[in-house]
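This is what each chain is made of:
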Amino acid sequence: MPAVRGDGMRGLAVFISDIRNCKSKEAEIKRINKELANIRSKFKGDKTLDGYQKKKYVCKLLFIFLLGHDIDFGHMEAVNLLSSNKYSEKQIGYLFISVLVNTRSDLINLINQSIKNDLQSRNPIHVNLALQCIANIGSKEMAEVFGHDIPKLLVSGDTMDVVKQSAALCLLRLFRTSQEIIPGGEWTSRIIHLLNDQHMGVVTAATSLIDALVKKNPDEYKGCISLAVSRLSRIVTASYTDLQDYTYYFVPAPWLSVKLLRLLQNYPPPDDPGVRGRLIECLETILNKAQEPPKSKKVQHSNAKNAVLFEAISLIIHMDTEPNLLVRACNQLGQFLSNRETNLRYLALESMCLLATSEFSHDAVKKHQEVVILSMKMEKDVSVRQQAVDLLYAMCDKTNAEEIVQEMLNYLETADYSIREEMVLKVAILAEKYATDYTWYVDVILNLIRIAGDYVSEEVWYRVIQIVINRDDVQGYAAKTVFEALQAPACHENMVKVGGYILGEFGNLIAGDQRSSPSVQFQLLHSKYHLCSPMTRALLLSTYIKFVNLFPEIKTQIQEVFKQHSNLRSADAELQQRASEYLQLSIIASHDMLATVLEEMPVFPERESSILAVLKKKKPGRVPENEIREHKSPVPGSTANHQEERSAAKTVSANASTDLLGLSTPPAAPTAGNTGVLVDMLGELYTSGSPQPHANNVAAQNAYNPAKFVCKNNGVLFENDLIQIGVKSEFRQNLGRITLFYGNKTSTALQNFSAAVTNPTGCIGKLNVQSKKVDPTVEAGAQVQQMVNGECVFDYPDAPSLTVTFTCNGTPQKLSLRLPLTVNKFFEPTEMTGEVFFARWKNLSGNEQRSQKIFKATQPMDNTAIRTKLIGFGMQLLDGIDPNPENFVCAGIVHTSKQQIGCLLRLEPNKQAQASNGFYDSPTTMDMFRLTVRSSKESVAVTVCDLLVDQF
Amino acid sequence: MMQFMLLFSRQGKLRLQKWYQAYPDKTKKKITRELIATILARKPKMCSFLEWKDLKVVYKRYASLYFCCAIEQDDNELLTLEVIHRYVELLDKYFGSVCELDIIFNFEKAYFMCDELLLGGEIQETSKKNVLKAIAAQDLLQEDETPQGLFEDHGLG
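First to last, the sequence lines map onto chains C and Z.
Mapping of the first sequence onto the UniProt record's numbering: position 846 corresponds to residue 846, and the numbering continues sequentially without gaps.
Mapping of the second sequence onto the UniProt record's numbering: position 135 corresponds to residue 135, and the numbering continues sequentially without gaps.
Keep in mind that the hints were calculated from the coordinates and are not lab data.
Hints may contain errors.
SDA-like, lysine to any residue: derived pairs with alpha carbons at most 20 Å apart [stated by the list, open to error]:
no., chain 1, residue 1, chain 2, residue 2
1, Z, K133, C, R122
2, Z, K28, C, R867
3, Z, K13, C, R732
4, C, K708, C, R867
5, C, K298, C, T342
6, C, K617, C, Q785
7, Z, K13, C, S17
8, Z, K128, C, L66
9, C, K377, C, K433
10, Z, K43, C, T342
Owing to the predicted nature of the structure, the values given are computational and were not obtained by experimental measurement.
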């Protein structure tokens, strides 16, 4: 037995030895039961049991409990011990209560009474025992009973330091149980000022308390910032001998330093320049010290020193305002990546994940890409490899996405099973997010399925299908690629699912090649059929019926499959139903009916990638980051965050560039630069780049919406305080005549008046426009006319622009407008039956003949308004032919002098669809439209589609 | 804030448990079982930290005994290793070259020491000298008590 001071309990020691000597679990249980019976009888029968014996038995019970057995008696005896005047008995009583009290709360009043007595004891050891008990139990009742006394104990001048320490943490524990126990008012400042206490132990304990209080009420406690900074400053500048016992392996007060650094992370960087400067000095000192040679070879020294360093780096990242410190932090962590301590490598990788999300250090992190890739491949410990994967994910952006995704794919072949699923999700997200070329995305996902098919969750393969359906530029490639992937003798079932779905939709795009003719595609898919689960078979049956529509020539072959015993009479209800229904459909339905029923799937609403949601769910503690945070203070030359870029890009493309609107804004004057850009992006108000800022202001209030004139021919094109420009136009075949009316609204004449029509480069040779000159003076209140003649030679994408200049009251004015002369003006409406329509629709199913856009409704969905617009657009609105009465279909012919181009249109409203600006934004519901235009000429389909987008 | 601390042997026997968060007994047993199995399966050179549920687990082996602490996301892993080390140092100083048996036979002392170092899951006193002083003061109070029970213990078991 070791030499332990105080009294040993021989009986307890004997009992423990007995238990240890038990040869089997049964023997142990037997010995325990014997002991329990003995203690029970002692507690019941022997009224003369003295304190020592009670203590000994209570201790035995505790030991039995800690072995994992349930204890349902002895609580009363333990409570009796609390009021013993022998410290050792009291202490054991408290220990028993602390460990076992939850089970017997009816004794709580007795316990509280004893605690109360001890709290009032003059012996600090007794007070501490009571405080420790409260902190260990920390129940609501205790918060109520003692919530009042403990704050007093904490700030009273008479309280000894050791008691203050316990009181601070005891109060913290009670505060976590019930937040209302902390008194406000003058107490706040008294608690904060504990940071100035002489005793380092008190400051350490108090800092934990203040940290919790600050989290609840940062404003009330913000006085702690400057105190914490000065305390920290004193520590980091102290030599290791200054703090004596609070220096730990040559590191001055590491615990307190870490707590102070953590406390400061509850606030933004200090406002006060002095405090801020001091804090930055502290952080610099800590970074400097990291570069100094170690004062000891012991791991304790480096752990303590680096604990402070990592916490300082956390604060630097939290502040996110000091580019210099962020880059230094990154370099320091970079050094750790090749440290021989696994722990340091692990933490460095973890911390760099955060640095990668700061725009200031993102690039600095990227410099370490090679080492991180090596870590992912070479680390012996899977948790470190996992961190490396996380970091690669965080540092990924569009410049390195291809390389990182490729490395992750390579590693996936040998990766630990425990991290494969998560890696698959990450690769899928990165590939989607940074795909500039969607063929690459398709390749990546198919590789994922090939390499780690078992770990590819439904979300991942659903997603690739969603994207292929939504992006017609990748459909042909996807069909070709899945077809090739399916050639492999053993391919994963997920590959069969994706392959089946994609070929069913887009198999026609590769059917021209003899090597992937309809029959070959079908044979290939069907060769996998019998190896697949019922769910996949069901999917394949749907593919087959789609083939019946796409490839009538293999209909009989497919019907044979439907008819097979194993399908038509399948034990699986779903398979049986599909087989029999599809069979009947293929026999009975007319070609048109088939074409309608088995039409290509509609696009999926764009929303947050469901994969990201899965990844978030997998890591509840840590939301994975791959988004650069926006800086917290404005810094010149910063890049806009992704979201802004995305939405800006979307705005621009939705308006199909400024050119489409026909009003190129001339380079704006520097003063007007900002508004110019804003207006440009909004695409609503176009102002001329007048050198006078105030002219811009006038223009900004103008009423001008060129998009309106896509669907109408007459009306007020532009109006401001000075001038009103009206328009009236007529079109016949490929010829048009536009009359413009310029009305002077002022009481003075407009001088030097000129209005010139310019054909944009995209229209030269395709559209001939001629305009007559107008009188250079427009009298006050007068109106002048101008005739513009247009001839459509070929279809064209833009519209000519109209530049109006004049001088009003000595101030030159310039307006750049778009002439309402878009290609749709040359439409001739065409009446046709549903049968004809859908037959032509189907004929125009090539990639080059279609254009499709999905967009949000800009106004409430009103059928009458939509109809008016479509009719005004110039095509024939065909009623009652679309199987879905909600949809609008139109037909028309564009007349050019060289040819006539047929054009079909389908507009599908989707009320309350899920939509968002990008895949990664939170989804909101809103009205959406899908617009599909098919035409014998690709450019017409594209232009018509672009013109109509955002009209509704 | 530290959520709990477990001491267990290489054979997977739990030697000490300290919970700073109230869990039902059943959950405690389950957590203990799972963590012991996870940690014992790890190789010596591996990292001392692991992600576990939404907590971080920090562990270190001293001779035949594993010390394992669960901390929250905000807590500092390296410093938690040093909390463990400080605790080991304190036990070592008190028992004089501490071994697993000391903790088995004097588990109550190990608890008292722990309560001086950590309270409510937060570090209370980092100074080795001050903790030992506090424990010595407690022992002094006991020595004042009349030795008793020594004789009665014989034969009682």
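Hint check results:
no.: 1; hint: Z:K133 <-> C:R122; result: 18 Å, holds
no.: 2; hint: Z:K28 <-> C:R867; result: 67 Å, violated
no.: 3; hint: Z:K13 <-> C:R732; result: 94 Å, violated
no.: 4; hint: C:K708 <-> C:R867; result: 14 Å, holds
no.: 5; hint: C:K298 <-> C:T342; result: 15 Å, holds
no.: 6; hint: C:K617 <-> C:Q785; result: 66 Å, violated
no.: 7; hint: Z:K13 <-> C:S17; result: 15 Å, holds
no.: 8; hint: Z:K128 <-> C:L66; result: 27 Å, violated
no.: 9; hint: C:K377 <-> C:K433; result: 24 Å, violated
no.: 10; hint: Z:K43 <-> C:T342; result: 12 Å, holds
Comparing the model with each earlier hint shows violations of hints 2, 3, 6, 8 and 9; every other hint is respected.
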